[in-house]
Structure formats: C-alpha cells, structure tokens
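J.: Okay, here's what each chain looks like letter by letter:
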Amino acid sequence: MQFKFWILVSLLLVGAPAASADVMPLMRVLTLQDYNTRVVVVGILLLGIAAGVIGSFMLLRKRALVGDAVSHATLPGLCAAFMIMASMGGDGKWLPGLLLGALVTGGLGILMVLWIRSQTKLKEDTALGIVLSVFFGMGVSLLGIIQKMRQGHAAGLESFIYGKTASMLAGDAMLIGGAALVVITTAVLLFKEFRLLCFDEAFAKSQGWPVRALDIVMMLLVVTVTVIGLQAVGLILMIALLVIPPATARFWTEHLQTLVWLSAITGGISGLIGALASALVPNLPAGAVIVLVAAAFFVFSMLFGSRRGVVIRFFEHWKLSRKVGRQHLLRALYEWVEESSGTGPDELAAERESMGISFESLLPERSWHPRQLRRWLRDAMGQGNIYDGSDGLFHLTREGWSEARRVVRNHRLWEIYLIEYADIAPSHVDRDADMIEHVLGRAMVDELEALLRTRYPHLAMPPSPHTLSLAGGRS
Amino acid sequence: MNWTMLDTWIVIAGVLSACSCSVLGNFLLLRRMSMMGDAISHAVLPGLAVGFLLTGSRSSLVMFLGAAVVGVLTAVFTQWINRFGKVDEGASMGVVFTALFAVGLVLIVQAADAVDLDPGCVLYGAIETVPLDTVQLGSLSIPRAVLTLAIVFAINLGVIIVFFKEFKICAFDEELATTLGIRSAWMHYLLMTLVAVTTVASFESVGSILVIAMLIVPPATAYLLTDRLQSMILLSLGFATLSAIGGHWSAMAVPPIFGFADTNTSGMMAVVAGLLFSFAFVFSPRQGLIARFLKPKTN
Numbered sequence: 000m001q002f003k004f005w006i007l008v009s010l011l012l013v014g015a016p017a018a019s020a021d022v023m024p025l026m027r028v029l030t031l032q033d034y035n036t037r038v039v040v041v042g043i044l045l046l047g048i049a050a051g052v053i054g055s056f057m058l059l060r061k062r063a064l065v066g067d068a069v070s071h072a073t074l075p076g077l078c079a080a081f082m083i084m085a086s087m088g089g090d091g092k093w094l095p096g097l098l099l100g101a102l103v104t105g106g107l108g109i110l111m112v113l114w115i116r117s118q119t120k121l122k123e124d125t126a127l128g129i130v131l132s133v134f135f136g137m138g139v140s141l142l143g144i145i146q147k148m149r150q151g152h153a154a155g156l157e158s159f160i161y162g163k164t165a166s167m168l169a170g171d172a173m174l175i176g177g178a179a180l181v182v183i184t185t186a187v188l189l190f191k192e193f194r195l196l197c198f199d200e201a202f203a204k205s206q207g208w209p210v211r212a213l214d215i216v217m218m219l220l221v222v223t224v225t226v227i228g229l230q231a232v233g234l235i236l237m238i239a240l241l242v243i244p245p246a247t248a249r250f251w252t253e254h255l256q257t258l259v260w261l262s263a264i265t266g267g268i269s270g271l272i273g274a275l276a277s278a279l280v281p282n283l284p285a286g287a288v289i290v291l292v293a294a295a296f297f298v299f300s301m302l303f304g305s306r307r308g309v310v311i312r313f314f315e316h317w318k319l320s321r322k323v324g325r326q327h328l329l330r331a332l333y334e335w336v337e338e339s340s341g342t343g344p345d346e347l348a349a350e351r352e353s354m355g356i357s358f359e360s361l362l363p364e365r366s367w368h369p370r371q372l373r374r375w376l377r378d379a380m381g382q383g384n385i386y387d388g389s390d391g392l393f394h395l396t397r398e399g400w401s402e403a404r405r406v407v408r409n410h411r412l413w414e415i416y417l418i419e420y421a422d423i424a425p426s427h428v429d430r431d432a433d434m435i436e437h438v439l440g441r442a443m444v445d446e447l448e449a450l451l452r453t454r455y456p457h458l459a460m461p462p463s464p465h466t467l468s469l470a471g472g473r474s
Numbered sequence: 000m001n002w003t004m005l006d007t008w009i010v011i012a013g014v015l016s017a018c019s020c021s022v023l024g025n026f027l028l029l030r031r032m033s034m035m036g037d038a039i040s041h042a043v044l045p046g047l048a049v050g051f052l053l054t055g056s057r058s059s060l061v062m063f064l065g066a067a068v069v070g071v072l073t074a075v076f077t078q079w080i081n082r083f084g085k086v087d088e089g090a091s092m093g094v095v096f097t098a099l100f101a102v103g104l105v106l107i108v109q110a111a112d113a114v115d116l117d118p119g120c121v122l123y124g125a126i127e128t129v130p131l132d133t134v135q136l137g138s139l140s141i142p143r144a145v146l147t148l149a150i151v152f153a154i155n156l157g158v159i160i161v162f163f164k165e166f167k168i169c170a171f172d173e174e175l176a177t178t179l180g181i182r183s184a185w186m187h188y189l190l191m192t193l194v195a196v197t198t199v200a201s202f203e204s205v206g207s208i209l210v211i212a213m214l215i216v217p218p219a220t221a222y223l224l225t226d227r228l229q230s231m232i233l234l235s236l237g238f239a240t241l242s243a244i245g246g247h248w249s250a251m252a253v254p255p256i257f258g259f260a261d262t263n264t265s266g267m268m269a270v271v272a273g274l275l276f277s278f279a280f281v282f283s284p285r286q287g288l289i290a291r292f293l294k295p296k297t298n
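Sequence order for the protein chains is C and P. Here numbering that gives the first Met the number 0 is used: position 43 in the first sequence is 42, and no number is missing along the way. Here numbering that gives the first Met the number 0 is used: position 49 in the second sequence is 48, and no number is missing along the way.
There may be inaccurate statements among the hints.
Computed cross-link-like contacts, DSBU-like style, restricted to lysine-lysine with a CA-CA straight-line distance of at most 30 angstroms [stated by the list, open to error]: (1) C:K204 x P:K85; (2) C:K61 x C:K204; (3) P:K164 x C:K122; (4) P:K164 x C:K120; (5) P:K85 x C:K122; (6) P:K85 x C:K61.
Treat the hints as calculated values from the structure; they're not laboratory data.
Sequences are here, hints too, so could you generate the full structure?
T.: This is the structure in structure tokens:
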C-alpha cells in the first residue's frame with residue numbers, strides 16, 4: 000500500500016542523524032540526534048497520519064464533530080484511572096492505565112451520543128453537545144477532587160487538556176506510535192468496507208455486510224486515535240487533527256483513496272512540524288503548532304484547491320456566465336433579424352449582411368443593463384462574432400451568424416423537448432430553456448434533432464414555439 | 000458543610016450565568032446549532048488573550064470586546080467556509096474553533112511570563128473567588144461578576160422578548176421568515192453576538208465548560224418535556240436554576256461522602272444538568288424511554 004512509503008520516510012528520518020557533531024541545538028533537533036526527540040517526532044508523525052486516515056471516513060459520514068465529543072469525554076476516564084491507581088498505592092501517572100481509562104469513557108461517550116440520538120427527537124448536534132459538556136464537567140469535578148488529594152500533584156493530568164509534547168518520554172511516544180500504526184493498518188485492511196459504509200450504508204446492509212460491526216470498529220478507531228493524541232496535542236485540539244486534514248484534502252480530490260492519502264500526508268506533516276517546533280522553541284505548545292500548520296494547509300487549499308477551491312470555482316463560474324452572456328447576445332441578434340425581415344430562415348443568411356442594429360434598439364431585447372450589454376458586445380467582437388459597421392450599427396459576421404444559428408437552434412430544440420416531455424406551457428418555456436441550453440450535450444442535441452425532423456421535416460431551423468414579441472420581457 | 004453568604008453569592012452568579020445561556024440555547028437547539036456554543040466558547044480565547052495583552056487587566060472592556068468580536072467572527076468564518084468552501088457545517092465549525100483556540104493558546108503561553116492568565120481558568124473558571132471581588136452599589140456591596148452577569152441576563156432576556164416572534168419564526172421556518180420580510184441572517188448574527196457576549200461575561204466567573212453545558216443541556220431537557228416554545232424556555236430556565244443550585248451544593252456535599260475534600264463547582268453544575276437530562280430521558284411522559292417502551296407499537 001501507499002502507506003508503506005510513509006513508513007519508509009519515517010524510518011529514513013529516524014536513521015537520518017548524520018555524522019556531524021554539531022552542537023547547535025537547531026541542528027541537533029533537525030537532524031534528530033537526541034534519541035528522545037527522534038522517537039517523539041516519529042510518534043507524532045504517525046499520530047497525524049492515523050488521525051488523517053480515520054478522519055477522512057468521519058468527514059464523509061458527516062460526523063466530523065464526533066471527535067470533539069469523544070475527546071472531551073475522555074477526561075473523566077483519565078481522572079478516574081488516576082484516582083484508582085493512586086488509591087491502590089501505585090503511580091497515578093502510569094500512562095497505559097490512564098489511556099485505558101480514557102478509552103473507556105471516550106467509548107461510553109460515543110455510545111451515549113448514538114443512544115440519545117436514536118431514542119429521542121433530539122438531533123445529533125445536541126446529543127454531541129450534551130455528552131461533551133456533561134462528561135467534561137464530570138472530569139473537571141474529578142480533577143478538582145484530585146487537586147485536593149494527599150497524593151495530589153495532579154499537574155500531569157492537566158497537561159492532557161492542552162497537550163505537552165516537549166515533556167513526552169520515549170516510552171510514551173512508542174506507545175502512541177505503536178497504537179497509531181495499529182489504527183492505520185486496520186483502516187487500510189478495512190478500506191473497501193469503510194468505503195461502502197461511507198457512500199451507501201443501505202446498500203452495504205442489503206448486501207449482507209455487517210454494517211453495525213463495521214460502524215463500531217470505525218468508532219473504536221476514532222476513540223483510539225483521540226486517546227493516544229491526548230498527551231501530545233491535548234484533548235481540545237485533538238479534534239482538529241481529525242477534522243482539518245480531511246477537510247483540506249477534500250478541496251483537491253473527488254476520490255476516496257486520494258482523499259485518505261492526501262489527508263494522511265497533511266496530518267503527518269502537521270504533526271512533524273509541530274513536534275519539531277516544540278522541541279526547538281521553548282514554551283511553544285506542540286498541539287497548537289500542529290493545528291496552526293494544518294489550518295494553514297486548509298486555508299491554502301480552500302483558496303487554491305484544484306477541485307473545490309474557491310478560486311477555481313469562481314473562475315469556472317465566470318467562464319460560464321461569459322459564455323451564457325455571449326450566447327444570449329447572439330440569440331437576440333438572430334431573432335431580431337428573423338423578426339424584422341419576416342422571411343424564412345433559409346433566406347435570412349443572404350440578408351444578414353445588410354442588417355445592423357443600433358445599441359439603443361438592441362438594449363430592450365433582453366433585460367440587460369447597458370453596462371452589461373456593452374461588455375457582452377465587446378466580448379463578442381473580440382471573438383469575431385459581430386463587427387461594428389461604419390454606420391455605427393452592429394452586424395453579425397459569417398462565423399457569428401453560424402454560431403447564432405447553432406445557439407438559437409439549441410434553444411428551440413430544448414423548448415420543444417420541454418413542451419413535449421416535461422409538459423411545460425409554451426409561454427413559460429423560454430425561461431426554463433434558458434437555464435439548460437448552454438450545457439446541452441452532443442447526444443441530447445442529436446436526439447432532439449431526430450425529433451425535430453419528424454415534427455418539421457422541411458425546416459432547418461424550427462420556428463419559435465412562442466411568439467417572439469412576448470419574449471421582450473424575458474430575463 | 001456550612002452554607003455562608005459567600006455560597007449564596009456563588010449560587011447567584013451560577014444561576015444568572017446558567018439562565019443567560021439557557022434562554023439562548025433554546026434557539027440554538029431549534030436551529031440545530033447547539034455545537035455553535037461549544038465552538039464560540041473555545042474560540043474566544045485569542046480575543047481574550049489579545050485584549051489582556053493590550054491592557055494587562057483581566058476585567059477590562061477591551062478584553063470583553065476583543066473576545067466578543069472573535070466570538071462573532073467564529074460564526075462568520077464558519078458560514079464562509081460552509082458556503083464558499085462547500086465544507087459540511089460541523090467540519091467547518093471544527094476547523095474554525097480549533098484554529099482560533101490554537102492561536103489563543105500560543106499567545107497565552109508565549110506571554111505567560113509577563114502576564115497571569117491561566118488557560119485553565121478560561122475552561123473551568125474560578126467561581127469560588129466570585130464573592131471576593133466586590134463593587135459598591137449604593138449601600139449594597141455586591142460581587143462584580145454578579146453585577147455583570149445580571150446585566151447580561153437582562154440583555155439576553157430583553158432581546159429575546161422583544162424579538163420573540165422573529166426568533167421563533169426563524170427557528171422553525173427560515174423561508175417563511177424571509178417571505179415575511181424578516182432578515183434571518185441578521186437574527187442569526189444577533190443570536191451569535193448574544194452567545195459570544197454571554198460566553199465572555201461568564202468565562203471568568205464560571206468558565207466556558209459551564210457555558211457550553213448550560214447552552215445545550217437545560218434546553219434539551221425541556222425539549223423532551225414539551226412541544227411549546229414558551230414552556231420550553233420557561234422549563235429550561237427552571238432546569239438551569241436547579242442545576243446551578245444543585246451543582247454548588249453537591250460540589251460541597253458529595254465528595255466528602257467518599258472521603259474527599261470538596262470539588263470544582265462549575266463542573267458539578269454541568270453534572271447536575273446532565274442528571275436532570277437523564278431523568279427526562281428516562282421518565283418524560285411522552286418522549287421518555289419508559290413511555291416509549293410501554294406505548295403499543297403502531298405500525
């Protein structure tokens with residue numbers, strides 16, 4: 000799988016410590032000379048990848064904020080685990096024990112959300128909010144108790160709220176990295192099943208897939224990723240790792256596999272930079288840096304993403320509106336010629352050279368704004384469709400004429416289709432046809448032409464199914 | 000356990016804050032934007048931090064305004080990303096508030112040496128210290144936080160009463176609102192502004208976790224018990240009050256039963272609200288688990 004590549008990259012990073020004995024801290028961190036830094040960086044990198052992978056599925060299932068509820072719900076588990084371990088005389092801060100506690104209440108939180116949603120008329124967002132705030136309140140209360148306990152020193156627990164990568168030990172990081180690898184592997188192995196779940200749950204069920212079990216596995220993976228992320232990025236920012244990388248990747252692709260892939264890279268890079276930065280700069284919370292890097296990726300992708308980016312969509316919209324505007328102009332010119340000459344369409348071609356129309360008489364043909372009309376005219380002249388004659392009137396060129404014929408033909412074909420098949424009254428058909436005629440496909444035009452031949456066998460251009468003078472007020 | 004005047008002030012602050020939140024929460028719930036409260040209350044952190052860094056004081060107007068502005072921006076950004084980026088609403092909210100929270104965290108941690116603003120205090124507040132900071136009002140000496148929260152509650156209640164019809168129509172049928180000439184976008188941002196202001200006013204005394212709980216849980220509890228908006232709002236105010244009183248009482252009374260000292264009041268207020276919700280969840284006459292279990296299945 001493609002993830003092997005990333006594992007390879009991380010291995011290279013681990014092996015990267017060059018022979019250089021540079022003592023500068025910058026070099027020491029960047030070349031990962033400290034064993035501890037190296038393990039922590041790799042652990043966070045794997046965490047980012049795992050969160051990116053599982054987050055993609057959550058995004059597509061419109062459950063982005065589930066991670067929010069889960070991460071808040073882990074706090075009471077952490078505190079309870081601490082209290083139990085401390086009261087049994089052990090070390091209250093034994094990480095695996097704490098994470099197990101977090102896993103239990105995190106999972107419980109998800110179950111509560113699903114239960115409340117299925118048993119009441121409350122919607123998902125409210126169910127999430129209830130679980131999130133009540134569980135977190137519970138955790139805060141337990142934290143309050145712990146702070147006054149004799150074994151006290153709950154300082155370690157507070158770091159789970161905001162995260163503290165810098166103080167992470169190699170052992171903790173290995174636990175995180177190992178769990179992240181398990182999550183990634185599970186998600187890759189169940190990729191096909193998860194895809195089915197994301198796109199057509201009902202179909203998956205009808206095909207005999209164990210939808211419920213798969214759903215539970217997916218939720219379990221979410222809880223696991225959240226829990227292992229607690230120490231590194233903190234429970235409030237953990238949700239960002241589940242949400243931002245997939246949302247970022249979505250701007251670039253429509254394919255699930257690419258989405259997961261891009262999201263994993265975004266998450267991994269964010270984790271990498273965050274961990275490095277917090278090792279380099281004292282007093283820089285790693286979780287916040289990770290989230291800010293991811294957010295920067297998001298903003299860039301939202302603007303420039305190749306699929307759903309704002310710029311590309313704006314450009315495409317502009318292109319389409321330009322095309323539509325020009326076609327409206329050509330149709331108006333054609334219909335004006337048709338109307339004022341009163342001859343059949345085949346004789347029109349000869350006459351069009353001598354016929355010109357002034358700006359003032361063209362303006363009322365459609366509900367144009369003068370500035371708009373001027374823009375379309377300029378556009379059409381640039382395209383060589385019309386020319387500005389010496390008499391100050393606008394004339395269609397030869398190419399403009401055939402283009403106008405094509406446009407009018409498409410429009411009228413579509414009007415026939417709407418009257419024939421969609422039962423739209425002739426007086427309304429012009430407006431409806433307007434919306435679709437510019438994007439008619441070749442196959443559809445062929446089919447409509449066949450229909451045209453049976454209705455008007457002797458004509459190259461169908462007459463308008465409604466009176467053209469009516470069309471003066473169309474939009 | 001001995002109840003003193005201090006406890007009374009703490010409970011009054013808690014009740015005022017809880018009621019200010021609940022009255023708004025009803026409309027958030029109906030508009031399916033419950034998580035907006037969560038998002039805004041996390042996202043105000045950079046506003047607080049900047050305001051604090053500029054003035055160096057924790058109760059300055061600048062800080063208040065800074066946070067309120069960021070709170071409204073959260074709503075605006077979420078809507079932008081949702082509309083222009085075509086990102087699902089929950090995800091856009093998640094992107095915006097976590098990014099803003101991260102900015103705030105960096106600011107606070109970087110300035111930690113110079114100033115004394117504990118991020119923990121934003122989360123779970125310091126309601127226990129409310130009675131210590133008082134202002135003189137005539138012959139009466141009342142805590143500053145109580146005064147602030149009373150004003151906020153009055154504003155929230157006033158706005159909701161004045162614009163009740165508009166809010167109601169917007170909550171149930173946005174298209175109808177538009178045809179009636181109500182600017183639903185304006186009502187949306189008015190509501191968001193109120194949420195932001197309430198969050199900021201509450202953060203120092205009761206902490207943002209209580210704000211989130213009170214925005215969501217009492218209205219949800221009321222929603223399970225009634226179908227009328229007026230009674231839902233009144234019920235939610237009742238539940239908010241009960242949670243605040245019960246929360247402070249149990250923060251003092253419950254831990255000693257297990258041999259511990261007392262605990263954080265804000266957290267327990269959220270827990271009591273959760274308990275009230277579970278009662279409604281189980282026993283509600285029409286929506287509850289028992290009622291649904293007993294009701295003959297109609298197919």
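J.: Each hint: holds or not?
T.: Verification of the hints:
Distance hint between C:K204 and P:K85 is fulfilled; the C-alpha atoms sit about 29 angstroms from each other, no more than 30 angstroms. With a CA separation close to 19 angstroms, the supplied pair C:K61 and C:K204 stays within the 30 angstroms bound. For the hint linking P:K164 to C:K122, the alpha-carbon distance of about 23 angstroms falls within 30 angstroms, and the restraint holds. A hinted pair counts as satisfied when its Cα atoms are at most 30 angstroms apart, and P:K164 with C:K120 qualifies at roughly 24 angstroms.
Taking the CA atoms of P:K85 and C:K122, the gap is near 22 angstroms; set against the 30 angstroms cutoff, the hint holds. For the suggested pair P:K85 and C:K61, the alpha carbons sit about 13 angstroms apart, so the restraint of at most 30 angstroms is met.
Checked against the numbered hints listed earlier, the structure breaks none of them; every hint is satisfied.
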